[in-house]
Amino acid sequence: MIQIEFHGGAGTVTGSKHLLRVNNDEVLIDCGMFQGLKELRQKNWSPPIFDPAGLRWVLLTHAHLDHSGWLPRLVRHGFRGRILCTAATRDVAQIILMDSAKLQMEEAQYRNRRGITSHQPALPLYTQEDVLETMPFFQTVEYARWVELTPQISFQLVDVGHILGSGAIELRLQDERRTVRVLASGDVGRYDMPLHRDPQDAPECDALLLESTYGARAHLAQRPEEQLLAVARKVVERKGILLIPAFAVGRSQQVIFVLHQLFDSGRLPRIPVYLDSPMGINATKVYCSYAGPYRLDAEALRGGVCTLFGKGLKIVKTPAQSARLAGLKGPAVIISSNGMLTGGRVLHHLRNLLPNPRNLVAMVGYQAAGSRGRYLIDGAQSLRILRDEVPVRAEVADLKAFSGHADVNELLRWTRNIHPRQCFLVHGEPQAAEALALRLREERDWNVSIARLGERVEL
Numbered sequence: 001m002i003q004i005e006f007h008g009g010a011g012t013v014t015g016s017k018h019l020l021r022v023n024n025d026e027v028l029i030d031c032g033m034f035q036g037l038k039e040l041r042q043k044n045w046s047p048p049i050f051d052p053a054g055l056r057w058v059l060l061t062h063a064h065l066d067h068s069g070w071l072p073r074l075v076r077h078g079f080r081g082r083i084l085c086t087a088a089t090r091d092v093a094q095i096i097l098m099d100s101a102k103l104q105m106e107e108a109q110y111r112n113r114r115g116i117t118s119h120q121p122a123l124p125l126y127t128q129e130d131v132l133e134t135m136p137f138f139q140t141v142e143y144a145r146w147v148e149l150t151p152q153i154s155f156q157l158v159d160v161g162h163i164l165g166s167g168a169i170e171l172r173l174q175d176e177r178r179t180v181r182v183l184a185s186g187d188v189g190r191y192d193m194p195l196h197r198d199p200q201d202a203p204e205c206d207a208l209l210l211e212s213t214y215g216a217r218a219h220l221a222q223r224p225e226e227q228l229l230a231v232a233r234k235v236v237e238r239k240g241i242l243l244i245p246a247f248a249v250g251r252s253q254q255v256i257f258v259l260h261q262l263f264d265s266g267r268l269p270r271i272p273v274y275l276d277s278p279m280g281i282n283a284t285k286v287y288c289s290y291a292g293p294y295r296l297d298a299e300a301l302r303g304g305v306c307t308l309f310g311k312g313l314k315i316v317k318t319p320a321q322s323a324r325l326a327g328l329k330g331p332a333v334i335i336s337s338n339g340m341l342t343g344g345r346v347l348h349h350l351r352n353l354l355p356n357p358r359n360l361v362a363m364v365g366y367q368a369a370g371s372r373g374r375y376l377i378d379g380a381q382s383l384r385i386l387r388d389e390v391p392v393r394a395e396v397a398d399l400k401a402f403s404g405h406a407d408v409n410e411l412l413r414w415t416r417n418i419h420p421r422q423c424f425l426v427h428g429e430p431q432a433a434e435a436l437a438l439r440l441r442e443e444r445d446w447n448v449s450i451a452r453l454g455e456r457v458e459l
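Its first residue numbered 1, the sequence shown is counted upward by one per residue in my numbering.
Hint data in this document are derived by calculation from the structure and do not stem from the laboratory. The model shown is predicted, which means the values in this text are computed figures rather than measured ones. Treat the hints with care, as some may be off.
Calculated pairs, DMTMM-like style, for lysine to aspartate or glutamate (alpha carbon to alpha carbon, straight line, at most 25 Å) [unchecked claim]:
#, residue 1, residue 2
1, LYS400, GLU434
2, LYS400, GLU429
3, LYS102, GLU129
4, LYS329, ASP388
5, LYS285, ASP192
6, LYS43, GLU106
7, LYS329, GLU389
8, LYS329, GLU442
9, LYS314, ASP264
10, LYS102, ASP388
11, LYS38, GLU389
12, LYS400, ASP175
13, LYS43, GLU107
14, LYS234, ASP264
15, LYS285, ASP130
16, LYS285, ASP388
17, LYS400, ASP198
18, LYS400, ASP264
19, LYS400, ASP378
Produce the complete structure using the sequences and hints provided.
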């Protein structure tokens, strides 16, 4: 018996959890946190339908919160197995999970002080102590090395270029009748992007779990550096501030790298660049430590020295230093987290900078439904930020070329050499998944299903 159950990342882009049952063993692919709309976030508090204590392995495609963010809860519910991933994913996951726990604790304390919680008292989903208790369960594996979990279950990781350490999971599963090859894409990266490698082609499989984040969209042909140059030149002319809300892992490093390429080439005059994200600072150090073995962009290593930080990048470490940026004179760039404007230091900068038309807010990542970032790019005239209603007078730009997710054409390119008997679309909002399903049915004649939350399927 080989079955799969979808416990997250089905009908939405967050909360990825896909449970494989092979004979009497269970393997969980990813263990993500739900984000965005309130009805999704509330699912994080529900106990899992499966038994974490009976689960032996979690296979982690990458470290982003929507794929790793529920791991401490899994451990709290009794999981004592192994969490298998690349070394880079483990290191980045610890940074992301510790930051997530910190933000949750701060949010709970704030709600308790203000008396604005429906639960008495408000509690974090998990604490930093929970994260530290989770980390010993991690075990690292290398790309392209088959790992046998049991005689009936083996897997390897295939580099998909999404963020540092990310990989699709290729499995060989055997029951009493047959062998089934399963491929879980995780998040597929893009081709010819700063810092990250191109995705390796999808290996042949019988069943494919394919992300569909941008299944309804083709990215613009414009390069990321051209889009960033255009908005940076505007703030130079206006003597304003360019605020870039960026995911602390992956996107912040790409933005820093591209900015310093533009400075070094003389296409953009050198202006101050502030990295105001404790997690982003730590993640950049991790990127530097893996620049060689993971062959990030060759230009990130010059003479054996990591140059991701570039010349003159200003590191903002403390809340007091961050607060002083409120008096910053332009032109300047502030890179801050988080990328969807749902929390973090970026909210203080947003409240300060949005009312001034000289400033520009450049979004460089996916904005989930219900997030402030989505409201902003959809044309909101004001935003509720830290209990204030803040008018949006600054220019808002959506730099789609920085997207870390493959678009519909890149997903078709990634899967061009495979012929799965079953394809399940995950990690996508309904419209995106429907659009990708249509393309795959019409152009590939594939048997495509859109995964439903709680659904169980025989493979």
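Do the hints match the structure? See the list:
1. Straight-line distance between C-alpha atoms of LYS400 and GLU434 comes to about 21 Å, which keeps the hinted pair within the 25 Å bound.
2. For the given pair, LYS400 sits about 17 Å from GLU429 by alpha-carbon distance, which is consistent with the 25 Å threshold.
3. With a C-alpha separation of about 10 Å, the suggested pairing of LYS102 with GLU129 holds against the 25 Å cut-off.
4. For the proposed pair LYS329 and ASP388, the alpha carbon gap of about 23 Å is at most 25 Å, so the pair holds.
5. Distance restraint check for LYS285 and ASP192: the Cα-Cα separation of roughly 23 Å lies within the 25 Å cut-off, and the hinted pair is therefore satisfied.
6. A C-alpha spacing of about 20 Å is found between LYS43 and GLU106, which places the hinted pair at or below 25 Å, so the restraint holds.
7. With a CA separation close to 24 Å, the supplied pair LYS329 and GLU389 stays within the 25 Å bound.
8. The hinted pair formed by LYS329 and GLU442 fails the criterion: a straight-line CA distance of about 54 Å is larger than 25 Å.
9. The hinted pair formed by LYS314 and ASP264 meets the criterion: a straight-line CA distance of about 17 Å does not exceed 25 Å.
10. For the suggested pair LYS102 and ASP388, the alpha carbons sit about 23 Å apart, so the restraint of at most 25 Å is met.
11. For the given pair, LYS38 sits about 20 Å from GLU389 by alpha-carbon distance, which is consistent with the 25 Å threshold.
12. Between LYS400 and ASP175 the CA atoms are separated by roughly 44 Å; this puts the pair beyond 25 Å, and the hint is violated.
13. The suggested pairing of LYS43 with GLU107 holds, with an alpha-carbon distance near 18 Å, which does not exceed 25 Å.
14. Proximity of LYS234 to ASP264 is assessed by CA-CA distance (about 19 Å); at most 25 Å being required, the pair is judged to hold.
15. For the suggested pair LYS285 and ASP130, the alpha carbons sit about 24 Å apart, so the restraint of at most 25 Å is met.
16. For the given pair, LYS285 sits about 35 Å from ASP388 by alpha-carbon distance, which is inconsistent with the 25 Å threshold.
17. For the given pair, LYS400 sits about 18 Å from ASP198 by alpha-carbon distance, which is consistent with the 25 Å threshold.
18. Taking the CA atoms of LYS400 and ASP264, the gap is about 24 Å. The hint holds against a cut of 25 Å.
19. With a CA separation close to 14 Å, the supplied pair LYS400 and ASP378 stays within the 25 Å bound.
The structure fails to meet hints 8, 12, 16 from the earlier list, while all remaining hints are met.
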